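For this one, chain A is given, so just place chains B, C and D on it according to the hints.
Number of protein chains: 4
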Amino acid sequence: MNKNRLEAFSDGVIAIIITIMVLELKVPHGETAGTLKPLLPVLLSYVLSFIYLAIYWNNHHHMLHTLHQVTGPILWANLHLLFWLSLIPFTTGWMGENHFAELPTALYGIVLLMAAVAYFILQTLIIASQGRESLLRKAIGSDWKGKLSPVLYLIAIVAAFESHWVAKAIYVLVALIWLVPDRRIERVLLQREGSK
Amino acid sequence: MNKNRLEAFSDGVIAIIITIMVLELKVPHGETAGTLKPLLPVLLSYVLSFIYLAIYWNNHHHMLHTLHQVTGPILWANLHLLFWLSLIPFTTGWMGENHFAELPTALYGIVLLMAAVAYFILQTLIIASQGRESLLRKAIGSDWKGKLSPVLYLIAIVAAFESHWVAKAIYVLVALIWLVPDRRIERVLLQREGSK
Amino acid sequence: MNKNRLEAFSDGVIAIIITIMVLELKVPHGETAGTLKPLLPVLLSYVLSFIYLAIYWNNHHHMLHTLHQVTGPILWANLHLLFWLSLIPFTTGWMGENHFAELPTALYGIVLLMAAVAYFILQTLIIASQGRESLLRKAIGSDWKGKLSPVLYLIAIVAAFESHWVAKAIYVLVALIWLVPDRRIERVLLQREGSK
Amino acid sequence: MNKNRLEAFSDGVIAIIITIMVLELKVPHGETAGTLKPLLPVLLSYVLSFIYLAIYWNNHHHMLHTLHQVTGPILWANLHLLFWLSLIPFTTGWMGENHFAELPTALYGIVLLMAAVAYFILQTLIIASQGRESLLRKAIGSDWKGKLSPVLYLIAIVAAFESHWVAKAIYVLVALIWLVPDRRIERVLLQREGSK
Chain A
1 MNKNRLEAFS DGVIAIIITI MVLELKVPHG ETAGTLKPLL PVLLSYVLSF IYLAIYWNNH
61 HHMLHTLHQV TGPILWANLH LLFWLSLIPF TTGWMGENHF AELPTALYGI VLLMAAVAYF
121 ILQTLIIASQ GRESLLRKAI GSDWKGKLSP VLYLIAIVAA FESHWVAKAI YVLVALIWLV
181 PDRRIERVLL QREGSK
Chain B
1 MNKNRLEAFS DGVIAIIITI MVLELKVPHG ETAGTLKPLL PVLLSYVLSF IYLAIYWNNH
61 HHMLHTLHQV TGPILWANLH LLFWLSLIPF TTGWMGENHF AELPTALYGI VLLMAAVAYF
121 ILQTLIIASQ GRESLLRKAI GSDWKGKLSP VLYLIAIVAA FESHWVAKAI YVLVALIWLV
181 PDRRIERVLL QREGSK
Chain C
1 MNKNRLEAFS DGVIAIIITI MVLELKVPHG ETAGTLKPLL PVLLSYVLSF IYLAIYWNNH
61 HHMLHTLHQV TGPILWANLH LLFWLSLIPF TTGWMGENHF AELPTALYGI VLLMAAVAYF
121 ILQTLIIASQ GRESLLRKAI GSDWKGKLSP VLYLIAIVAA FESHWVAKAI YVLVALIWLV
181 PDRRIERVLL QREGSK
Chain D
1 MNKNRLEAFS DGVIAIIITI MVLELKVPHG ETAGTLKPLL PVLLSYVLSF IYLAIYWNNH
61 HHMLHTLHQV TGPILWANLH LLFWLSLIPF TTGWMGENHF AELPTALYGI VLLMAAVAYF
121 ILQTLIIASQ GRESLLRKAI GSDWKGKLSP VLYLIAIVAA FESHWVAKAI YVLVALIWLV
181 PDRRIERVLL QREGSK
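Here the protein sequences come in this chain order: A, B, C and D.
So that you can map any letter, position 99 of the first sequence is 99 in our numbering, and since no number is skipped, the others follow by simple counting.
So that you can map any letter, position 87 of the second sequence is 87 in our numbering, and since no number is skipped, the others follow by simple counting.
So that you can map any letter, position 35 of the third sequence is 35 in our numbering, and since no number is skipped, the others follow by simple counting.
So that you can map any letter, position 37 of the fourth sequence is 37 in our numbering, and since no number is skipped, the others follow by simple counting.
Watch out, some of these pointers could steer you wrong.
Copies of the same chain are indistinguishable here, so a pair counts whether it falls within one copy or spans any two.
As the list claims (entries may be wrong) - Restricting the straight-line Cα-Cα distance to at most 25 angstroms, the calculated cross-link-like pairs of lysine to aspartate or glutamate (DMTMM-like) are:
#1 Lys147 <-> Glu133
#2 Lys3 <-> Glu31
#3 Lys145 <-> Asp11
#4 Lys37 <-> Glu102
Derived from the structure by calculation, the hints contain no laboratory data.
Note that the structure is predicted; figures quoted are calculated from it, not measured.
Bound-form chain A, shown alone (with noise of 0.2 angstroms):
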């Protein structure tokens, strides 16, 4: 399986993901400031998952970068990553339209979850394929941000029965952990690119 290819599903799955996500921002029947207010929640919803998505993307470049060999488990693990962020559309627009109620907070909690855990996994085996000297591990060094957004998504999805107001923003939270831009991949690929 050629990596650019595998690249290239990926980046239109993701393309195509946070693009429909807008459809769920249906067009309102009416013309008034007051048809639109229900929406405002659906808007809100939108722009948080569009950055989530927008950090998938970017932070999925980085570590296929890395990538030498696609092999079967990580052509799967990398399907089983587009499955859940594929479930985000709809997470997003259940939470939008309820406005933030428990249930719909907390699902959304569990889809980020879910993609959490498929990234680790893909990362895993890429960084397995890569045998002892793997570019991969050294970049991501001690991958505080990989085990931090787990543990805060759970809190987030427990929260969520509580106040939807910190389930809400433990999301943002995370997202402005990640949104920091990771220049840990990019750092050890330019001191190798040094090093020749």
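Here is chains B, C and D on its own, set in the frame of chain A:
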């Protein structure tokens, strides 16, 4: 016709099919767990079809890898395959929404059967275009998976009217048969590289 | 403007058009064969439009193959073609849902006619950009298909108000005329390669 | 981050936005010309937005052509632009369905304004990354189009509450200003090539 463009177009169509399928998972009106319950069979159908489309994408890629020249018949055989694959979101949605009722479950199998036939036609044309020393023919060997699948689909289509559990079990079985990574083409390609 | 990017963008748009068209095939509420019956004309319209879009994709590729430099007018003539193609899912859905009624059947032809005109404009601009020794002009020769199609569309549009069977037959006829692979451009390209 | 992948992802998203926008042109229930009439403003909005997105795609391509290295801020400025473009199908549909009523027409302009601002930020970041001898800064010159457009959008947004005709006229005017092919970047690129 350039092979890369055929590949890119096919990938694009499959990426779109796999992603718009999730639009059948309609956001429910209501925030309780009860509103999610009727969506469970839709989700299960989605998972099954996601796996089928991923398998097609994967095998399609391996098959095209052996192709040298895109002829008119190969081009149209490929479009014919994409046509049947494009109907999968419809049959997935209908089967899911009707909780695996008889006719929807049978129709799901009919479209899978037609896609398998279309795949077989495409494969036969590529082998014919490669002449005696066809790499693809060597690679697929006895092609027992390709021959068994249509038979299993036929059994599932008939079985759907008796018990949708049997039909569903067969659909899952065929997916599992194909999920086992198909190393045949890779192996033959490697052999050829090695003998050079 | 890079030719590859124009090609990739056009391919992307055509791939999306051909795939979202299937969304007009709405999943029916009900599990009996009776609920499928009204979908039959929608399916037939879909098959017809799928073939038309596949033909456009194929011929568009051959035409761009002869192109050297993307000028502003060529860029916009290409977008103009994509615009008319993007209306095909709408006219397909309307014609199918109304079981080939007069006006929808005529409108289907009007959009096909406009797409053919847009294709002709694009072709003319490419030929003009290639100067006297235009490869594309040689390749299309008398271009009898390109000249006959608009006439047939016009007849079909008028005929739709008398008998939708005649209109449908003409649409199928035009598709068949084009389905015969257009080897003209390939032949001229091969000749040029051979004479080198 | 590889420039080609950024370009391909942006192209993919724009191609999807431009195409799913046509889904707002809902197939009417009924076969008479009367059922089409309320769709006319939706179609006109679609044409306008199609042209806007095509302009963005075209100029975006020229701008990225001058880019050497994708930095984190450029990546996110690009995603920010795609976010505002992704809202265009929604504002297009709302404006069209409400026959260019006050608020929808104003909102249409607000999203265009935000997209223009996002484009300006991206442009500024690319220029900054290129240092003193920025090719892009030379290419855009005084950038009068880029500076005039937001002013015109602002006027249109205010005018929408007085007369939607004025607002519409301004939207068409801005599109026309940009439709005139922007040869500035091409010219500067050619000059550089010539001086080598």
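Practice item. List, from low to high, the hint numbers that the structure doesn't satisfy. Key: 2
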